[in-house]
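Hints are included, so try docking the two chains, each in its own frame, into the full complex.
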Amino acid sequence: MKWIVYLLAVVVLVLHQDYWNFDKATLIWGWLPIGLAYHAAYSIVCAILMALLVATTWPKHLEKLENIQRPGQSSGEGH
Amino acid sequence: MNPWLEQWLPIIVISLYLAVVLYIGIFAFRRKTTGEDFFLANRSIGSAVFFLSLFATNMTAFAILGSSGLAYRRGIGVYGLMASSSGLVIPLTLLIIGTRLWGLGKRFGHMTQVQFFRDRWECCGIGTFIFLLTAAMLIPYLIISIVGGGTILEELTHHRLPFAWGGAIVALVVMGNVFFGGMRGAVWVNVFQTLLFLAFGTIAFVTIAHNMDGGLFGTVQKMAGNQKQVWALTRYRIPGREFASYLLIPLSSIMFPHMSIMCMTARKVTAFKKTVVLYPICIMILWLPCVFLGALAFGQPKVNAAIAAESKTAKAWLDSGGKLPDGKPAPLTILLKQAGTPMATKLLGQVASHSITSEELGKELPIAVGPVKDDALKGKLVAQVQAMANSNTPDSVLLQMLKIYVPALLAGILAAGIISAVMGSDCHQILALSTMFTKDIFDHYGGQKAFGDRANVYVGRAFIVVANTIAYFIALTRPPIFDLAVSWTFSGFAALAPVMVAALFWKRSTKWGALAAAIFVAFTVVGTGYLESHFLPMVPKGPPPLPDFSIWSIAGHHVLVLSAPAGKLFMFGFMPVVPMVIGSALCMIIFSLLTPPPSEATIRKYFDPGSDDVTNGFTRSTPRPTIAV
Chain A
39 MKWIVYLLAV VVLVLHQDYW NFDKATLIWG WLPIGLAYHA AYSIVCAILM
89 ALLVATTWPK HLEKLENIQR PGQSSGEGH
Chain B
78 MNPWLEQWLP IIVISLYLAV VLYIGIFAFR RKTTGEDFFL ANRSIGSAVF
128 FLSLFATNMT AFAILGSSGL AYRRGIGVYG LMASSSGLVI PLTLLIIGTR
178 LWGLGKRFGH MTQVQFFRDR WECCGIGTFI FLLTAAMLIP YLIISIVGGG
228 TILEELTHHR LPFAWGGAIV ALVVMGNVFF GGMRGAVWVN VFQTLLFLAF
278 GTIAFVTIAH NMDGGLFGTV QKMAGNQKQV WALTRYRIPG REFASYLLIP
328 LSSIMFPHMS IMCMTARKVT AFKKTVVLYP ICIMILWLPC VFLGALAFGQ
378 PKVNAAIAAE SKTAKAWLDS GGKLPDGKPA PLTILLKQAG TPMATKLLGQ
428 VASHSITSEE LGKELPIAVG PVKDDALKGK LVAQVQAMAN SNTPDSVLLQ
478 MLKIYVPALL AGILAAGIIS AVMGSDCHQI LALSTMFTKD IFDHYGGQKA
528 FGDRANVYVG RAFIVVANTI AYFIALTRPP IFDLAVSWTF SGFAALAPVM
578 VAALFWKRST KWGALAAAIF VAFTVVGTGY LESHFLPMVP KGPPPLPDFS
628 IWSIAGHHVL VLSAPAGKLF MFGFMPVVPM VIGSALCMII FSLLTPPPSE
678 ATIRKYFDPG SDDVTNGFTR STPRPTIAV
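Which chain is which? The protein sequence lines are A and B, in order. Numbering follows our numbering, in which position 1 of the first sequence is assigned residue number 39; successive positions increment by one, without gaps. Numbering follows our numbering, in which position 568 of the second sequence is assigned residue number 645; successive positions increment by one, without gaps.
The following block holds chain B by itself, in its conformation from the complex (with noise of 0.2 Å):
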């Protein structure tokens, strides 16, 4: 193909998606709109749509890229630890759970968790609180998705875009989309997302399993038959307790808000059904292959070459010209030098003289290392390279296998796709976050009544942009930090499920059980963050297997450690998100047992099966027509 077509094909495609993108938002614009048209689409999404939303919903560029960046570093058994898992715990909840929030929705008028709250326990600052952690847990998201697209859009532009830019693109096409369509923007973009990606993904999925150097046959026998891979293909780098640890991590799904919101969005409560029982087999579509190729990457030495190139010791590498900071060459220098080829000989000239990028150095290290006949010398300079790529955050993983296995245009429409996730589910989250402000602070506090339903929808639109212009900006100083504060929100949405479960199904809780528990899990979620950053610097550094940092330990036992050479805290080798999910139940039963329950009125408005019945104010109306996408 022709380079310049070759270089510019995937921007293009980009373009074009972006553009189809603040197209739909457009489209979906509603003049005179409602606060329930703007925020909720008038609930009347139907199943077909609301099915492949809620999925994308939970579709993120961490499903993706992520997940086949940590079968990278941790094996086939990534897929078991969070897809399999996912596919038990989120339907039941949806089950459970959302076919509730729906019903309230109907009912009251709900249309946010702390709406209900309120409402339900009579409460009003208490209602407060879990918003202002609810909204502090999902702003680190908006930030890391503004951070994720701008670095793809970097990444495939070969850097001819930069980072500031591409992030400026992807946080104008989700204002614009959200600020124009609301929900019904949101959602259509989110339908869009997920058929692109379940068609081309098939297809990337084969032809990059077609095209790896030896084949996806060829590569799992090899890896089979090497001691020094053969763990990618096994769960060997996942304790025990961290795997049952993960069964946990799914109960977050519903507590997001936007995934609460978006289950008040259904037109009829039977669009649940479908949405529950093929939920598994989604995920499995989507995970298996990205769980698979992540861990075969580990067998392919092109992939590990680009990772490698990219981290931040080969950069140090290329920086000193090869040599370690006391001016003496470099281990990965040394076995350059002894292997001797052409390729090997020019590449460390190009490293003396600065005059080769981390991207080139990628693409020369394989064919550098290729052609070594000594056997024992390209197993360590294999074992270098590996080393390299291990002390990087793979998170690019399948991005290089796209560059390097996928044909340009496919490879644009794949990249394409892969932001498609990132901006999906971004819509969704302001969306979330512009609803939550509009409802439980601006129209809580008396803004609808003293200007009108209308106003609803202008302060949620001016939110969507302040709040967007905000991320953007922090954002621009793409702080390390936020992709910690992603993973302690997981844990921390996690363990307030017990918070809306005594909501739905326990008439003696009470808004002191809740406040205790939220309080509980901002003491834990803030808890976690400060031990994981301050002990991060104390854990061992190297390729595995390392020995874990312990932070305390009684008569000999670990009590709290944090792991080698990720940095991650388990307390008794279970992951934080345990002792989180029990202990908040224990503050909502404990606190709730000691203090007065809410109204016999509000009891019986919520639990009396009578009060399923339309009443108050409601009306019947005749079925609407719904037009199946």
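Pulled out of the complex, with its shape left as it was, chain A reads as follows (with noise of 0.2 Å):
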């Protein structure tokens, strides 16, 4: 599951590069423009790939660190 959400991630990365609509002024829903609607979508793409990856790759390991105190680290309260 890990390898297909890397996989995932440079294909993000690549469509990035949206070279085909480099001069395209089609207009969606007759007022938003390709290019812009495409990135648009493609923000929301990547919270979902951001997600995937919270979820396959999570350094689990430094939630042990949560709950420890240096000596010395005063206990303010919370925000």
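Heads up, some of the hints might be wrong.
Which residues of chain A face chain B? A few of them, derived with a C-beta cut under 8 Å, are [unchecked claim]:
(1) H54
(2) Y57
(3) G73
(4) L91
(5) E104
Hints in this document: simulated from the structure, not taken from any laboratory. The model shown is predicted, which means the values in this text are computed figures rather than measured ones. Cβ atoms here follow ideal geometry from the backbone N, Cα and C, with glycine treated the same way.
And the structure:
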């Protein structure tokens, strides 16, 4: 699963270069330029990719450090 | 609305906002604070506040004003160029680098990048060099923030509040907030700023889109059908290699000291999860309206006229009474005479008698040009105004749209939001510089041992006052060089990313590799700056498209060119960031392989999986409750 997500990340990286929209002024719904619509959709795809990366590659070992307190660190309130 | 109220309402709203920012700093004040509490809010920031604050730290004036200004000149492609690339790269760096930095802070108490580098590579002087390099690249930001804040206040008060006073107010409020509140004050201001901006930004976007001449739908349709304006709805003015280069720029984000320090403030590493996933969506919510409005502004005569009136060409036209240096009438004067509308004649009379300001010119030009019936003449007049607007650096395009299309109260709130974006990042930057100076210099060279932990806080606060005062006095001269410097520093910080990646993930990396990479970055940042400033006067000027200026070519192939008219350096069509990142990575690899690695003990300390357990004097404590905001 991890490798599929890595591969997906590479595909998303490549898809950023939408050279085919370079000089297209097609309007989606009559008001949204295709170049802008493409990258807006791309941002949503990025959020989905990040969710997949968090689910598969999260550095879980770091969570062990959450409850430690070094000497000298005051116990201030949270925010 | 009452004209008096219309003029002063934005100022009243902004004053209230500034008072709130100052109050937040004072509210966050802790009398008996420790270094860790002052500089890192005691590493206790909850996940919601962490996400909003981290996002706001990147939500700079550059993102808001700069993006719409750039879209005005280069079209909607600016979103893909800067926003969607950031939406991919920044969360990735937060996930891969940010979480590890958080872990290092928890395990070893590091607060700055240099503290980590020094310990990881067993070095002292090299750490100091990296401190100097990062501080030198961050300082222009501080100055730019004060210049930006002062300019916005001057602009919104119709020059009633001079730039010097506006800059002083911004500098004092930022200084007060950070001096009293430290990281806690900066974080709360950022949360306030993000909520304010996201809420009122959406309302302002809808209002501008509704109130602009022809409405959003009409403007887009009109531009799509106009051969001279349709480029703004495409990526036509952004070459492919430049577009590809921009994917590397967001690597700079995590390397900015205030961002990496911010990563160490989270109470739990799980706070990063929400941030990483939501970051691309927030980038879209912020950038998409800014870029879209900036591009559409090109199809709005009122906005074009307001921006054109601010240009140097327009100011020279006004100063000369509508004449060229040789005494002949300027092209705009000739065209307005031919137009012959009552308003055009009145305008020419005002220009000849020097009785009109550039702000009035911006309002009167569309009224003079609008009624012209001859399409060819009208086209020439519009082209002349757009050429003048293009000669300007139209970072004020969003402010102009606010002034023209949005009611005064909402414009005031939004302007407060824009100022808050300037100040929110400014708070973090000044605090980061103060943290770096205190930890990497004062503390490292024996200050804490000699004077105790409380001295750290006093030194940090003293540094904030001194640095901000110096930055203010430099900002008073409005040095244009810092505008350029800021654009170089993005590449510089991006090129330092390989150093951080090597420190975190490559056992064999050495201090000499880090030094070589840092020297390479310093050399290329200064080199880029030198080439751009030295050859800028030779770059062709005028309305686009213009031929680029070639600095160096081999057998007819351009190696180094400056783009026209902006004067930005490109190597084989790529931005300097590409060779800088590759060169820095190569320096890191080659010099690390040629020199001995750090001691086994140090490598074990950072890479032994067992060392993630609680060791070296760490104690477990019961989890503290997180108060969500």
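Do the hints match the structure? See the list:
no. : hint : result
1   : H54  : holds, 6 Å
2   : Y57  : holds, 6 Å
3   : G73  : holds, 5 Å
4   : L91  : holds, 6 Å
5   : E104 : holds, 5 Å
Violation of the numbered hints given earlier is absent; every hint is satisfied by the structure.
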